[in-house]
Structure formats: structure tokens, C-alpha cells
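Enquirer: For reference, the chains in residue letters:
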Amino acid sequence: MTGPSTAWYLSVAGFLFGVGALGVLIRRNPLIVLLSLEIMLNGANLALIAFARHLHNGDGQIFALAVMAVAASEVVVGLGLIVALNRKHVPLDVDRLNSLRG
Amino acid sequence: MIVASVGNVLVWAVWVGAAFACLGSAVAVVSFTNPFYSALALIGNLGSLAVLYLLQSSEFVAAAQVMVYAGAVMVMFLFVIAYVGPRTESPWTGGPSWQAIGAVLAAGALLVEIVVVIGLKAGGELAHSHHVGGTFGTPSYIGRLFLTDHLLAFEITSIVLLVAAIGGVILGAHSRTTADEVSPL
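In order, the protein sequences belong to chains A and B.
For the record, in the first sequence the residue sitting at position 48 is 48 according to our numbering, with numbers rising by one throughout.
For the record, in the second sequence the residue sitting at position 12 is 12 according to our numbering, with numbers rising by one throughout.
To be clear, the hints were calculated from the coordinates, so they are not data collected in a lab.
Ideal placement from N, C-alpha and C gives every residue a C-beta, glycine not left out.
Keep in mind that a hint or two might mislead.
Derived contacts from chain A toward chain B, CB cut-off under 10 angstroms, selection only [claimed, not checked]:
hint : residue
1    : Gly14
2    : Arg27
3    : Leu31
4    : Ile39
Which chain A residues stay away from chain B? Per the calculated CB distances, all over 10 angstroms, these [to be verified]:
hint : residue
5    : Leu97
6    : Asn98
7    : Ser99
8    : Leu100
Please model the entire structure based on the sequences and the hints provided.
Expert: Here's what the structure looks like:
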């Protein structure tokens, strides 16, 4: 059971990171920006997992789990911000959110 | 020999299916106009990524991925999308066009850079990996690493989650109190 080599996994990880970066840059809905950020984090996670398997070292998997926890925290804060903005009837458009004053 | 080659073909078939599902759903997340469909596509992306993790013999991370992301984070996303209300937005219309062109150029440059670096290294060291034992990636292996070598990272992760929970509560409660203060006026 050999399967694809590590380079194939890294290619998928790089493509995921590029697609996520494109989504963060071109979309204006903050919800979809957060979803694209998740795609970027998952691309990095896939590279970590692939290198953990390649080097036979479990530290990469620990790092991937820590990234997952940080991503969950980021989603909590980001969605809290979006809900707070929606309560104040601020338009959900990242091009028009240019002031931190409440 | 025949059994080994059949197993190899099976692994390749599963990998190709999971990788294309992963890439296709990632493109779908970015290009759907309705955020609800984008969130559903991200659930497919996370599921196919869990299959890739399983192929890389990291069972615990795959299970944690499905439970944490598809089970908790995405449910929260869907709740917030339903709370905010249906709001469709096309990815390519509106806004200054130089911004979209610059974004596509930046993402394309990033992608080409990554592919070139991987292609330069693919023939050499990345082609053959070490053989891993049966215990690699199991929950007991991860748990032993977490409680011996990476205890500080484990504790810091718990503090980060606690601070995020407090921040979420404060963000939610703050606007409610200001709304109460404003309404009697």
C-alpha cells in the first residue's frame, strides 16, 4: 500500500491555499471571507499532516490539532463580530467596514 | 504481488476521488453566490480532507476534523448565516475591477510559486517516505505526545479556547446592553 507520494498531497495543499487566498481577496461578504480563511487553514493542515507522515514524526499532527483549535477560536470571534455588526444594522460588506467606532 | 498492486490501485482511486472532491468543493465555496451553499460546500471540503488525512495514516486528526469542524464549527456557521438572513452576492460583480484583477494575479502567483517549489523537490527527497508503524496517528500515540512532549502547547490551546469563549460572550452581550441603553432615549 504505497499510494501517491508526498508531493501530490502538497500540491493539493498548495491549491487549497491558493483558492482560499483568492476567496479572501475577491469576496466582500465577511461570512464567505471567513469560510475562505478556513480553506487556507485546512491547506496548511494538509501540508502538516503530509510532512508528519513523510518524516515519520508526530509533531506535525500535534501542530495540525493546535491549528484546528485556533481556527475554532477565530470562527467564534469572527462570527461574534458579524452578529454584533448585524445587530447595529451595519452593512455586511468588507469594503464598507472601514471604521472601528461603534 | 497481485494483492499489493490491487491495494495500490485502490489507494490511488480513493486519493483521486478525495482530492478532486476537495478541490472542487473549495472552488465552489469561493464561487457560490449564496453563503448557505458555500457553507454546505465547505462541509464537503472538510469531509474529503478527512479522507486524505486517513490515507496519510492520521486517524485521530481525521476524526477530530470531522467532529470539530463539520460537527461544531459548521453548525455555528449555518446558525449565523440563518440569523443574518439570505443575502446573495456574486463574486465577480460590483466593486472596482482592478481589485479583482489584482486578487486573481496574486492568487495565481502564489499558486505557481507553490507548484514550482514542489515540482523542483518532487523527484528527490519527497518521492520516497519512511515506513510508518501501526501505532502512528492513533489516539493513544497522539495522547502520549500531548501529555509528554507537547504539554505546554496543550495547556496554551485550552487557554486560547477559553479566551475565545469569553470574547464571544462579550461580543454578543455588549451590543445587547448598548441597544438597551439606547432604546429608552
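Enquirer: Tell me the numbers of any earlier hints that the structure contravenes, in ascending order.
Expert: Result: no hint breaks.
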